[in-house]
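Chains as they are written, first to last, in the UniProt record's numbering: chain A, 1 to 400; chain B, 1 to 400; chain C, 1 to 400; chain D, 1 to 400.
If you are wondering where the hints come from, they were derived from the structure by calculation, not from laboratory data. Some hints could be false.
Computed from the model, here is a short list of chain D residues facing chain C with C-beta under 7 Å [as the list claims (entries may be wrong)]:
1) 120
2) 182
3) 186
4) 256
5) 323
6) 337
7) 338
8) 350
9) 369
10) 377
Computed beta-carbon distance windows for the label pairs [claimed, not checked]:
11) 123/C - 31/D: 33 to 43 Å
12) 107/C - 189/A: 52 to 62 Å
13) 165/B - 376/A: 47 to 57 Å
Below, a list of computed lysine-lysine pairs in the PhoX-like style, where the Cα atoms sit at most 25 Å apart [said to hold, decoys possible]:
14) 155/B - 22/D
15) 154/B - 393/D
16) 210/C - 22/D
17) 210/D - 238/D
18) 80/D - 155/B
19) 80/A - 122/A
A quick note: this is a predicted structure, and the numbers were derived from the prediction, not measured. Where is the CB? At the ideal position from N, CA and C, for every residue including glycine.
Each chain is listed here by its residues.
Number of protein chains: 4
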Amino acid sequence: MWDASPYDVQIHTTLNREEALKDADFVTTQFRVGQLDARVKDERIPFSYSLLGQETNGAGGMFKTFRTIPVILEIVADMKRLCPDAWLINFTNPSGMVTEAVLRYGQWEKVIGLCNVPVVAKMEEAETLGVPQTDLIYKFAGVNHFHWHKVADKKGHDLTPQLIDKLYEENSGLPKNIFDVPFYREQLQQMNMIPCGYHRYYYRAEEMLKHGLTEYATEGTHAQQVKVIEHELFELYKDPDLDYKPKQLEQRGGAYYSDAACETIASIYANKNTEIVVSTRNNGAVPDLPADCAVEVTAYVGGAGARNVAFGPLSTAERGWLQMMKSMELLTIEAAITGDYGTALQAFISNPLVPSGETATRVMHELLIAHKAYLPQFADTIARLEKEGITIKDEVVRKM
Amino acid sequence: MWDASPYDVQIHTTLNREEALKDADFVTTQFRVGQLDARVKDERIPFSYSLLGQETNGAGGMFKTFRTIPVILEIVADMKRLCPDAWLINFTNPSGMVTEAVLRYGQWEKVIGLCNVPVVAKMEEAETLGVPQTDLIYKFAGVNHFHWHKVADKKGHDLTPQLIDKLYEENSGLPKNIFDVPFYREQLQQMNMIPCGYHRYYYRAEEMLKHGLTEYATEGTHAQQVKVIEHELFELYKDPDLDYKPKQLEQRGGAYYSDAACETIASIYANKNTEIVVSTRNNGAVPDLPADCAVEVTAYVGGAGARNVAFGPLSTAERGWLQMMKSMELLTIEAAITGDYGTALQAFISNPLVPSGETATRVMHELLIAHKAYLPQFADTIARLEKEGITIKDEVVRKM
Amino acid sequence: MWDASPYDVQIHTTLNREEALKDADFVTTQFRVGQLDARVKDERIPFSYSLLGQETNGAGGMFKTFRTIPVILEIVADMKRLCPDAWLINFTNPSGMVTEAVLRYGQWEKVIGLCNVPVVAKMEEAETLGVPQTDLIYKFAGVNHFHWHKVADKKGHDLTPQLIDKLYEENSGLPKNIFDVPFYREQLQQMNMIPCGYHRYYYRAEEMLKHGLTEYATEGTHAQQVKVIEHELFELYKDPDLDYKPKQLEQRGGAYYSDAACETIASIYANKNTEIVVSTRNNGAVPDLPADCAVEVTAYVGGAGARNVAFGPLSTAERGWLQMMKSMELLTIEAAITGDYGTALQAFISNPLVPSGETATRVMHELLIAHKAYLPQFADTIARLEKEGITIKDEVVRKM
Amino acid sequence: MWDASPYDVQIHTTLNREEALKDADFVTTQFRVGQLDARVKDERIPFSYSLLGQETNGAGGMFKTFRTIPVILEIVADMKRLCPDAWLINFTNPSGMVTEAVLRYGQWEKVIGLCNVPVVAKMEEAETLGVPQTDLIYKFAGVNHFHWHKVADKKGHDLTPQLIDKLYEENSGLPKNIFDVPFYREQLQQMNMIPCGYHRYYYRAEEMLKHGLTEYATEGTHAQQVKVIEHELFELYKDPDLDYKPKQLEQRGGAYYSDAACETIASIYANKNTEIVVSTRNNGAVPDLPADCAVEVTAYVGGAGARNVAFGPLSTAERGWLQMMKSMELLTIEAAITGDYGTALQAFISNPLVPSGETATRVMHELLIAHKAYLPQFADTIARLEKEGITIKDEVVRKM
């Protein structure tokens, strides 16, 4: 593909991390510990108990964190040795929690977390409003997959109310991999902000769960669908002469990821001060959260990294939600690092998408067992659960 | 009863509020707008859709607030005129939100909210630990029906871990009107605090809902059970010679309310600086919440009211929960005052016990219609819903 | 001058404020209530008692605020009527307090305060470091005339330590109208930031006072020197054929003010997102100050105004200073609006450049009397002081 | 004296710290590193340059901290080994900074700092108001030697305005060792609080300095006066039959220290919950300062130590002052521990009683040299200064 492109680029590939990191200027990370099979488990085990299973939200999302944080911290440890001047540009989900862990536990400042949700939202909303994106002024605040934004015209007049109106006429700028259930219009009017697509899990929990359960019961969960597409893609990729993006790629989700990555790297490299929505250290940009935690905000990205735009205090409803979510994130990360059972339980119970009680605890136990190979920090707990005879209910997962 | 008591007290009764308030030193408020029938609706309508219906938590609790806040603010307005030096000692549930509304919207500083939950917890825990209560040092922080506490011996050594252990041996100090489901031991150990009984709704949501639904389907919800007891009590009260507390009173819930009230009043009157857990303006006692909001904390109560004991920052999990709950409280109160539909929706969606979506919205609509007589602030919305033909599903409520 | 310039610009002049404001898109304000004679008094009266007299700092600066705030608020009131969509671009000193007053008491959001101090600092430091300014990344935080900044190269490497070293080799980027006394090198190293020139008044109070007293005793205070230059300039300006900036203008101070103004206006007008250091609502950019107060920070200025770069928490020393200064600013503005004597006293005593006691109070009294014509809000106090026979000591001022 | 007292108490004396600490329940510390001669230097060296020299304020107070902090941290280290359950009750000045250092750097929670200033203020104000102290409700907030309080009657009515009025009729409750200069009445009315006696150094800086300079020039500074009294006292103490407090003791300053100590110890020992004003960890009681720093506030002292009364936010002027003072305290402690010259300079420049510049720096240098024996942490700096030939100007000190 590079040969067919107009760019003169040298590609070096390796499966040796040390070799890859040595003297790097930029390190981009996009990995899935346990690959799509692990994601299948993250999705199916909760759904088998009628709880939400999803990659970054609900019970499944927490286990993705448990598997990912130890690995990203190993990478950071290697970077300190092998490329201490490099920037870490991370897409690995949950992108916000990964950034938080890198800052807080990795003690590594040169990190930027990226996500395509704001990219797509901006593009689609410009289309919805019928103006070029460059004529709009956006301001985002929140954490990854849980942020809101406001939009103004280039004179600074707030277009948010108008955009809310339009959203109820037309397609709502929904990320491709989220089932299309509308937000409550009066809720959006009260907040006078646009939530991100993932807010549907919180603002329309019932419908999002129902949709997931239907998929679970029929064509398979999202990971299972993606597996099929990926299989096709990998077959195509076997052809060394393939020099264009296969059409299946669009169905895959994650569009514009590479654009966001390249733009961020180019902005840092050439000190371009491009406006990008990134996960980064707060520094006060969202004053309702501690200054030292990770947030996802509009920033001007240049040679010194992200310069966050100070958003100012959120309104009552959004403030409460965000503080709860950050607490859940911090607990999840702490559990991922310590492997403490009580902390994992607190994280689970704090997750607004996981109704507390025996079912949730059972799901947590099954997920611990299912992901045993990738959760050495929980070895003692898993051993105890196995001794207690906990087994996995979902047939598909059991066979994996 | 007073004649039979050793106290020389003059009782004056009136149904005229102005007469009652005139020149009062202390005003105690314990009322239920719409009486127990309204509570039946608060409980049954959510349960009819398998959502939690409860007096102070979940969907029902929010409607109790919607009905109560306008009335308490009227009382405060009257107090400003008729007894501007009086103290308002409130038991009306939700006691914390009433205190918040009186401080924030009533601009009335001389208010103390009371609840018997901390009173009972202290008594039962002393028994559990096998020491007199005076040998224990308690420190509470949170908001009404959502607080935690720590307990130490009189040398200041933390007994919380030991108490947690004991709770799993013996009776757990559970308020009488909450179904007995244990907290997760490892969760309590992680927080190293004792939650209040109402935390079961949040930490064991599944079981608490299940229990409520069982009652709903069989002997009737709590309000219905209380109605039976109250009927018996009122029959007994018809006898002017009755000079002792009837035994049914103990089944009623709300034990030690009068003790708490008298102790608070006596402490203010005689500047006794008694240690009481009260709802009061924060002033920094719980630094994770704004200094101007209402909290429920250990305080020394004397002539100048409550002098809150500064608790210090909460841990991650408790901080997130508390911030979310305060946000929900503030939204509920705002909706109670403005009657704004969008704000009510935001409050509902922020409530951790109300999974967002069509069912929750339907429940909110039915409750609006069911409580029409007591919700003049929502008149426009109710008219719209009636026009849309929203009717109440629960048969029992429909007949009320 | 415009005719000689390559720009096609129409100039309309008027002394009628309503006419000037009508339908404006941008309003720039640069005025001096009481003109330079008032500044002479601000400077000479404090110096006559060996206290610092200066335009924006010390006793004199506070009186400039007392005279200016009521007028700027009148202008804002007129703008609400005559040009409600306009932006107010203010240079009037004290630029930070004017911005604070416009936001807080004028309830006017579309305001940006400008100052040439950061402009000059950036230019001179680029020269000191021997690199083009575009190769440097600056980050400012503080309040007007009391801010610090850090500088990095375009790879984000902190150059602050290196710049500190250079400052002790070469010219220190000092604003032209401040006497050249060096900062303590070890102090700068400890903070690892560059203070602004006005910090000399606080970090080298003794020398700055001594220098002012020498000028007071010899060639006259700064205002007196400027009066001479202005007289020459106004003589030159009488010539309608004068089509270049006279060389005297450079000695006047305030260089690059017009550049900053034009750049700001152009950036807002064309939504250019230019990086400019401005006085603006904090919104969390400086987390050590309330989110709703005015700060002076690096911002990206575009159609929606200033988008502040979140600076993050300051270190201990800078945090304390800044909090003290903001407190002094708020008290000064409050006194300017209420005319309350006790508040003025608190402001004076809070000013780190005004040692409290009888001399400071005497200076405050003399300044109240000297500026009587411009301080209607203090009329009662001034009448009382006149009755007490307070007279002005400084001979020059007495004759004005 | 104990034999003549009605109490049956065993006294054991030792100069061996380990022996004294072994298995202690309470450790009280009241020491002066370098004894009164060091205090003479703290006072005389600043005065020799017309700067304030005082034990806890100004330049001298900072050096008392530099000498004291390392020693108190050694004591804490010993306590961890020898009496890990003991309480440290500290009177050593500066009592607030010692408490801060013990909490922050000693990691020792069981510490209470005491001071007689609030004790005396309460006593004298009760007398001023003509009511028994038990009929008054006090609320203190601030840091040691820099706190304010409010007073109410036992019905909670604010008596502060009335007390302010009385203070201008009668004796003002001034600590014995502070020269009697009145606060500005309008300042007190604006704050509606009572400052502590030491606030005179900040609110009447000019007069306090003048008074100190007069003493310096005539009968000698306070330390010199105390040395004379102490000499007399020690002569008397040589008599083993002396069984009463000599009258000279009253002139010594520090009255009621022993009462405060005994009351605190008894309250902790018997879990009495006595109301005492103490230096303790903030925990939110003064929300304008970080929750983890030391403050001086009203607290209920019992078996678990100090339970601080949450004061709530301060007003603008007091907030700014307090934040500045806490910053200065933190810098002074940090310099005391690290011996870093730049940090010491920042602390000095942050001190509102030390006008920055060459004189202040010179004073700092002379004090470093004068206290060489007690400042091992500054050894390198002192060596450098000695090499530069810095000598002490004050003749009296030079001869010591």
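The hints, checked one at a time:
1. 120: 23 Å, violated
2. 182: Violated - the Cβ of residue 182/D stays beyond 7 Å from chain C, reaching only about 11 Å at its closest.
3. 186: 4 Å, holds
4. 256: 29 Å, violated
5. 323: 4 Å, holds
6. 337: With a minimum Cβ separation of about 13 Å from chain C (threshold 7 Å), the hint on residue 337/D is violated.
7. 338: For residue 338/D, the interface hint is violated, since the closest Cβ of chain C sits about 10 Å away, which is over 7 Å.
8. 350: Interface hint status for residue 350/D: holds (6 Å vs cutoff 7 Å).
9. 369: 17 Å, violated
10. 377: It is violated, given that the least Cβ distance between residue 377/D and chain C is near 16 Å, above 7 Å.
11. 123/C - 31/D: 33 to 43 Å: 55 Å, violated
12. 107/C - 189/A: 52 to 62 Å: Since the Cβ atoms of residue 107/C and residue 189/A sit about 23 Å apart, the hinted range of 52 to 62 Å is violated.
13. 165/B - 376/A: 47 to 57 Å: 30 Å, violated
14. 155/B - 22/D: Holds: residue 155/B and residue 22/D sit about 19 Å apart, inside 25 Å.
15. 154/B - 393/D: 56 Å, violated
16. 210/C - 22/D: Since the Cα atoms of residue 210/C and residue 22/D sit roughly 57 Å apart, the hinted pair is violated (cutoff 25 Å).
17. 210/D - 238/D: Judged against 25 Å, a Cα distance of about 38 Å means the pair is violated.
18. 80/D - 155/B: 17 Å, holds
19. 80/A - 122/A: Violated, because 35 Å separates the two Cα atoms, which is more than 25 Å.
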